[in-house]
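S.K.: Chain by chain, the residues:
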Amino acid sequence: MEFKIGKYQAISFILIVMINKILLNIPKEIIKQSQTGAAINVIFTCILALLLTLFICSLVKKFPDEDIIDISKFVGSKPLQVLLGIAYILFFSSIIITVIYEFTNLLQVIYFPTTSVYLLLLSFIIPMAVASKIGFKSILKTNTIITIFILLSLIVIFLGTITNLRITRIYPILGTNINNTFIKGSINIFGYGGLIYLFFLSPLLKNKKDFKKIAIISILISGLFLLFTITILLTIFPFISHSEEILSMYLLTRCIEFGEFIQRTDAIFIFLWIISGFSYLSISLNFINIIFEKLTTCNKSKNYSYSFLGIFFAIIILFKNQSLFKFLETYFYKYFILGLLFISLIILIIANKKKKGNSI
Amino acid sequence: MKKKLLIITCILTILLAFTKSYDVKGTEELSYIIAIGLDKSDSEKEPLSLTIQIAKPDTTGETGGTTIKTETETVNCNSFNLGLSMLNLENVNELNLSHCTAIVISEEIAKEGIENFINTLTNNIEIRPTCNMLISQCKASELLEKASTIEDISSKFYSSFINSAKITSYVTNCQLSSFFASLHGDVTEPLALYTFIKNDTIESIGLAVFKDYKMAGRLSGLDTLCYNLLTNEFEEATIEVYNPQNPSIPLAVHLSGPTESKIKVSLENNVLKIKCDISVNSAILSASKNYDFSTENSRKEIEAEINKFLKESFSTFLNKTSKEYNSDIIGFKGYFNKNYLTQDELNNYNWNTLYPKAEFEINVTNYLTSGFLFSKN
Chain U
1 MEFKIGKYQA
11 ISFILIVMIN
21 KILLNIPKEI
31 IKQSQTGAAI
41 NVIFTCILAL
51 LLTLFICSLV
61 KKFPDEDIID
71 ISKFVGSKPL
81 QVLLGIAYIL
91 FFSSIIITVI
101 YEFTNLLQVI
111 YFPTTSVYLL
121 LLSFIIPMAV
131 ASKIGFKSIL
141 KTNTIITIFI
151 LLSLIVIFLG
161 TITNLRITRI
171 YPILGTNINN
181 TFIKGSINIF
191 GYGGLIYLFF
201 LSPLLKNKKD
211 FKKIAIISIL
221 ISGLFLLFTI
231 TILLTIFPFI
241 SHSEEILSMY
251 LLTRCIEFGE
261 FIQRTDAIFI
271 FLWIISGFSY
281 LSISLNFINI
291 IFEKLTTCNK
301 SKNYSYSFLG
311 IFFAIIILFK
321 NQSLFKFLET
331 YFYKYFILGL
341 LFISLIILII
351 ANKKKKGNSI
Chain E
1 MKKKLLIITC
11 ILTILLAFTK
21 SYDVKGTEEL
31 SYIIAIGLDK
41 SDSEKEPLSL
51 TIQIAKPDTT
61 GETGGTTIKT
71 ETETVNCNSF
81 NLGLSMLNLE
91 NVNELNLSHC
101 TAIVISEEIA
111 KEGIENFINT
121 LTNNIEIRPT
131 CNMLISQCKA
141 SELLEKASTI
151 EDISSKFYSS
161 FINSAKITSY
171 VTNCQLSSFF
181 ASLHGDVTEP
191 LALYTFIKND
201 TIESIGLAVF
211 KDYKMAGRLS
221 GLDTLCYNLL
231 TNEFEEATIE
241 VYNPQNPSIP
251 LAVHLSGPTE
261 SKIKVSLENN
271 VLKIKCDISV
281 NSAILSASKN
291 YDFSTENSRK
301 EIEAEINKFL
311 KESFSTFLNK
321 TSKEYNSDII
331 GFKGYFNKNY
341 LTQDELNNYN
351 WNTLYPKAEF
361 EINVTNYLTS
371 GFLFSKN
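Protein sequences, first through last, are from chains U and E. Mapping of the first sequence onto this note's numbering: position 119 corresponds to residue 119, and the numbering continues sequentially without gaps. Mapping of the second sequence onto this note's numbering: position 242 corresponds to residue 242, and the numbering continues sequentially without gaps.
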């Protein structure tokens, strides 16, 4: 990588991933699994995520200038690199497709019911293409500012809805049963999507020693915001565990009123979320570029991002079936991220052993 | 070149995003509905009667400025959305619900069940979750017509009921969002403001209590005061108690600033025991001919009277909601759930059979803080 990023940029980069996941129904999926025990489950999975983060930190230590794609080449030569690379490209592509779909769907239902979906899609695709042209460095720098605003907006949502919450809705505190909250519920670690991006973070950092600090701080802040969101959703919307709604966070913004003067603030929040969506989408697209560059002999892979965007545009238009996107967003994302996490960890463990063997 | 390309792309994006703006409707092309009324119609084919109260600018005023007048329109229909479409046909401007502040349902239709339209109303993007829920003793159309004759800007009129709750505590905040939540897996049952026409005005005192989608009964102003105290929504109120110094004239007492009410729900021998600890601050408002509230004894006597009055009121209120209406509007179920760690444990008990047989223990403490300017005459 030609450029390096600092501590705050790196934290913001992990956080924007998590924030977008919080906005796009990950809390809802966790609540569906653990019911009223979701808050305890988030604390439990946050501890698991932190342990996993520490484990990743210890494994990545020996490969400060390499990401998981480089390490896979070291472990299993080109075939493994290609396989893992394709898996990651698929993962990032599914994220881009579902995020664009969710936002366009939200905009069309709420504000632009008569506007063609093509135009709404283009309003996401074109800025992504522009961002890709400008470069990854600029995206990450802009992301630092956006993250602050988004975190503040989430705090405003929490404060604005606090009067509506009824704490007794959170009982029984352990949900349906201990098995669902802790054993089956451990699958909810998928909510910490930022973990996947840790495998790509080290080579981007100016100071490699900061990796552990950055990883722990990002996961802790993510866990805290996830916990707040889930608690607020559970204590305001008792129907959340069995209903299907457009975006649960959007429902929260509709309840916000600060006196007589500040009402109907949802548009401001949606505007901020779209900007954060742009940032998240651009970051994911750039990772596709980086991986594509490593898998092929292309030097200027960012030019291929237009082709990728074209493919995404076509897929969203082709598959108008809402259930497909719901499947991608929930089941596919949930199990694919866990699978990738597992495979990446195995590769890292083997790489560490191989390096140890080589040094002996 | 790179810069030019960027600028062109940005402009194109903005242009594309706003291509549909040319046919976006402006405020002058919209008619804002400020209240919806739902009644049972006389027609068998179209069982629902939908009334809307629309705000219309009136430029014929003597002052020369524009004032807002409201008028009502009614239509018989099969469903809310069909009714709205029919009313749209009758109006030149498109009807818009984004300023709707009240959903008025007649008591008659509420008692039969509101499942056919309440979820539809909540699902409407234009209707805000903060919209007030009102149950009308008379027909909803009559109430809206009356509201149109007494108020220039009626959207504020419906919010004024809630504002009065802060002073009287005879009503409470009943919004669409909480009503909808209570209907779907909540620990409480739904509530709505109870309204009626009195002389030439509209009054709102008490609450309409629901059991699922059906109205189960009505609470008085005093019951609502008890509800507000138990749910910590209480701000201030004035009550009348027996005056030990002058039995012929009741004693007016101002209640305020309570500490949080404590509720404990337990199960003993398969009977629910609900313990409520309530504390309030009180101040004497009455000043009859020869009064003396300055001594410790007289203060204690009055404190005991207030406690007795409140205890009796709470007992009536709780027995009415549990035994008569079988509706847990306070949310005791949530406190009961607190005793169990998992839903599997909780599944051994059926709240709906336990609650009507619940036994209540009410402890009221009040602190007589002052007699305002004079405590002795």
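I should point out that these hints are in silico values taken from the structure, not numbers from a laboratory. It is possible that part of the hints are untrue.
Derived pair list, reagent style PhoX-like, types lysine-lysine, alpha-carbon separation capped at 25 angstroms [claimed, not checked]: (1) U/K137 <-> E/K357; (2) E/K357 <-> U/K133; (3) E/K338 <-> U/K133; (4) U/K184 <-> E/K156; (5) E/K338 <-> U/K32; (6) U/K141 <-> E/K111; (7) U/K320 <-> U/K73; (8) E/K357 <-> E/K211; (9) U/K141 <-> E/K338; (10) U/K73 <-> U/K141; (11) E/K69 <-> E/K156; (12) E/K3 <-> U/K137.
Heads up, incomplete: computed chain U residues facing chain E, CB under 7 angstroms, no partners named [to be verified]: (13) L59; (14) T176; (15) F239.
We put the CB at the ideal spot given by N, CA and C, even for glycine.
S.K.: What are the numbers of the hints that this structure violates, sorted from low to high?
M.R.: 1, 2, 3, 4, 6, 7, 9, 10, 13
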